[in-house]
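*Asks:* Given next are the chains, with one letter for each unit.
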Amino acid sequence: MKITTRGINAPDLVTGLFLIAVALVALWLSWSLRAGTSFRMGPGYIPQALCWLQIAMGLFIVLQSFLGERVPWEPWLPRPIIGILASVTFFALTIERFGLIVAVFGVTVLACITNRETRLWEAVLLGAAMAAFSVLVFVIGLQLPIAVWKGL
Amino acid sequence: MDTLVAFAHGMAVALEPMNLVYCLVGALVGTLIGVLPGLGPVATVAMLLPVTFYLPPVSALIMLAGIYYGAQYGGSTTAILVNLPGENSSVVTCLDGYQMARRGRAGPALAIAALGSLFAGCMATLFIVLFAPPLAEVALAFGPAEYFSLMLLGLIAAIVLAQGSIVKALGMIVLGLLLSAVGTDVNSGGARMTLGIPALADGIGFVPLAMGLFAAGEIIRNLENPEQRSIFTGKITGLWPTRDDFRRAWPAVLRGTALGSVLGLLPGGGAMLSSFAAYALEKRISREPHRFGQGAIEGVAAPESANNAGAQTSFIPLLTLGIPANAVIALMAGAMMIHGIQPGPQVMTKNPELFWGVVASMIIGNVMLVVINLPLIRVWVWLLKMPYRFLYPMILVFCCIGVYSLNNSVFEVLLLVVFGFFGYVLLKLRCEPAPLLLSFVLGPLMEENLRRAMQISKGDPSVFVTRPISAVLLALTVGLLVLIVLPSLRRTREVAFQEEP
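Those protein sequence lines, which keep their order, are chains L and D. Residue numbering for the first sequence follows this note's numbering, starting at 1 and increasing by one per position. Residue numbering for the second sequence follows this note's numbering, starting at 153 and increasing by one per position.
By construction, these hints were calculated from the structure, which means they are not laboratory data. Glycine included, every Cβ here is placed at the ideal spot set by N, Cα and C. A hint or two may mislead.
[To be verified] With beta-carbon atoms standing in for the labels, derived distance ranges:
#	chain 1	residue 1	chain 2	residue 2	range
1	D	A353	L	F66	33 to 43 Å
2	D	D612	L	R97	48 to 58 Å
3	L	R6	D	V523	23 to 33 Å
[What the hints assert, rightly or not] Partner residues aside, some chain L positions facing chain D, computed with beta carbon under 8 Å:
#	residue
4	S30
5	A35
6	F39
7	P47
8	L67
9	E69
10	T114
11	L126
12	A128
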């Protein structure tokens with residue numbers, strides 16, 4: 001038998017607030033767009049209607065989060081978030097400047113060391129393997145137009 | 153008769169050597185990602201989308217389809233051997249499949265799963281051949297009002313079938329529609345909500361969004377928990393099921409196939425829903441329900457047949473109505489549009505070799521998959537030993553290259569960063585990303601049809617209820633919404649999704 005206690009459903013509360021926040025930003029962005037009439041809809045008609053709908057839903061979810069059983073907030077761990085996002089960002093910043101080999105090697109190593117269990121030499125080895133594999137499969141095999149290597 | 157001729161022609165297309173090769177590649181890749189937990193068909197098809205630029209459309213779709221149903225075969229292997237669903241649609245297979253493996257009967261469980269899937273795959277193909285052409289004819293009578301109402305029905309149906317909170321799923325749908333509104337307005341050509349970024353003029357890319365939600369976000373989430381995976385240590389001895397296994401399994405396979413074929417048709421349906429429903433049905437009608445969870449072969453046969461049938465029939469709404477029923481199918485719609493083919497009823501008449509070629513290839517693919525999965529099972533077992541800590545960097549590399557090579561755009565890779573974080577947030581908030589992705593795809597189509605319908609009716613919204621087909625579709629939508637809110641259905645829906653161990 002599961003014991004339930006009344007209280008705030010934290011994930012739902014944040015979901016509701018998040019939806020409202022996004023809708024408000026979108027409303028602000030689409031404010032200058034002409035809405036028009038339902039006969040001749042302007043570019044702003046649909047986005048603005050959706051924003052209002054989303055705000056209404058957000059409010060409903062917020063209200064509902066106070067009425068059900070308590071669901072605690074799950075903590076967010078910064079290491080995986082930063083590690084994974086940084087590795088993809090590394091790819092974005094290096095692919096055109098330095099080419100595929102550097103970018104792939106960097107993504108792999110950064111992604112690997114996000115996990116504390118993986119040793120550095122394993123990361124470097126996997127990085128080198130992935131770089132070689134990517135060049136072979138994507139550039140030589142599939143002929144995707146990506147620069148392999150650009151001088152530093 | 154026409155259908156038979158067309159199907160035979162499709163078979164000839166599917167049997168061309170190049171298409172056979174791509175069918176095999178799709179089946180192999182599908183099995184691979186099915187076996188590997190943490191990598192699903194959505195992320196894989198998204199990664200391979202750029203590659204399909206360089207293929208003829210028929211070969212591209214044959215390969216992508218092979219990945220989707222191939223993943224259903226591979227998913228069962230992981231579920232049975234290590235009690236971990238390789239795919240979401242194999243969650244229920246763990247319950248009895250793993251128990252069979254623990255009793256030393258892994259071989260028969262794998263064999264029944266594969267043979268059941270083969271049967272289901274062939275039947276589902278027949279189902280498509282029989283029902284797709286008449287449906288496409290109905291669809292030709294559709295105007296903008298009907299299309300809009302149908303897509304609305306699809307979105308609402310997707311919620312009924314989604315897991316978790318209904319209101320949150322509705323919220324995700326609206327958010328997806330809103331995201332899809334970013335970009336150039338079709339009618340006026342003006343930029344909408346683009347923040348002045350020229351790269352956003354074409355809208356938010358579907359691939360970075362899909363990969364962010366289904367690959368990057370999930371990787372971050374998985375890394376929060378230390379790796380815990382039971383390793384399969386036993387040996388697989390004797391694949392062939394006993395006579396008793398066959399006697400118990402075949403009615404379950406039949407029921408699973410029928411249920412899966414029908415549920416695959418629904419927008420929002422597909423492989424996952426089918427397997428859950430089939431398991432629940434078997435348990436309910438069984439004379440010995442206590443055997444379920446203890447290694448009942450019906451508990452493997454039914455969901456594995458159902459998920460394969462559902463995966464295949466979920467192509468019907470795309471190829472006849474132009475409406476993608478789930479995220480994987482939405483990506484296939486993307487692949488078709490890359491090649492300038494608008495998914496919809498005209499595919500069958502304008503591109504018959506594509507439609508029938510892909511349908512016929514499903515039979516070939518299913519036969520290949522049985523060969524790939526049964527005699528070669530040891531290869532996949534060996535692959536299962538690859539730890540996740542080496543797997544996720546590879547997934548990330550393929551995501552980056554996939555997103556970048558789509559348009560050679562650095563901006564899209566940065567979008568992947570944004571949506572990766574967004575995907576993680578959604579997972580943390582226990583929001584389902586699938587309805588968001590579905591509405592993101594349908595959004596522009598819905599807006600276009602809504603605006604067109606309103607222009608034709610000179611701004612009179614009653615057009616949606618005065619046209620009979622549209623009225624019926626809207627009535628169904630309202631009915632569904634009412635049903636969702638009713639507590640009794642909410643309970644059965646919860647029960648259906650609570651078969652998880």
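*Asks:* So, for every hint listed, does it hold in this structure?
*Replies:* Here's how the hints hold up against the structure:
The hinted window of 33 to 43 Å between D:A353 and L:F66 holds, with their beta carbons roughly 42 Å apart. Here the CB-CB span from D:D612 to L:R97 is close to 56 Å, well matched to the stated 48 to 58 Å. Under the hint 23 to 33 Å, the C-beta atoms of L:R6 and D:V523, about 56 Å apart, miss the expected range. For the restraint placing L:S30 at the interface with chain D, the shortest Cβ-Cβ distance is roughly 5 Å, inside the 8 Å limit, so the hint holds.
Hint on L:A35 is violated. Least Cβ distance to chain D is approximately 12 Å, over the 8 Å limit. A hinted interface residue such as L:F39 counts as satisfied when its beta carbon comes closer than 8 Å to some beta carbon of chain D; here the least separation is about 3 Å, so the hint holds. The interface hint given for L:P47 is met, as the beta carbon of that residue sits about 5 Å from the closest beta carbon of chain D, less than 8 Å. A hinted interface residue such as L:L67 counts as satisfied when its beta carbon comes closer than 8 Å to some beta carbon of chain D; here the least separation is about 12 Å, so the hint is violated.
With a least beta-carbon distance of about 12 Å to chain D, the hint placing L:E69 at the interface is violated under the 8 Å criterion. With its C-beta approaching chain D no nearer than about 6 Å, L:T114 sits inside the 8 Å limit, and its interface hint holds. Satisfaction of the interface hint for L:L126 is found here, the shortest Cβ-Cβ separation to chain D being roughly 6 Å, below the 8 Å cut-off. Because the beta carbon of L:A128 sits about 12 Å from the nearest beta carbon in chain D, more than 8 Å, this interface hint is broken.
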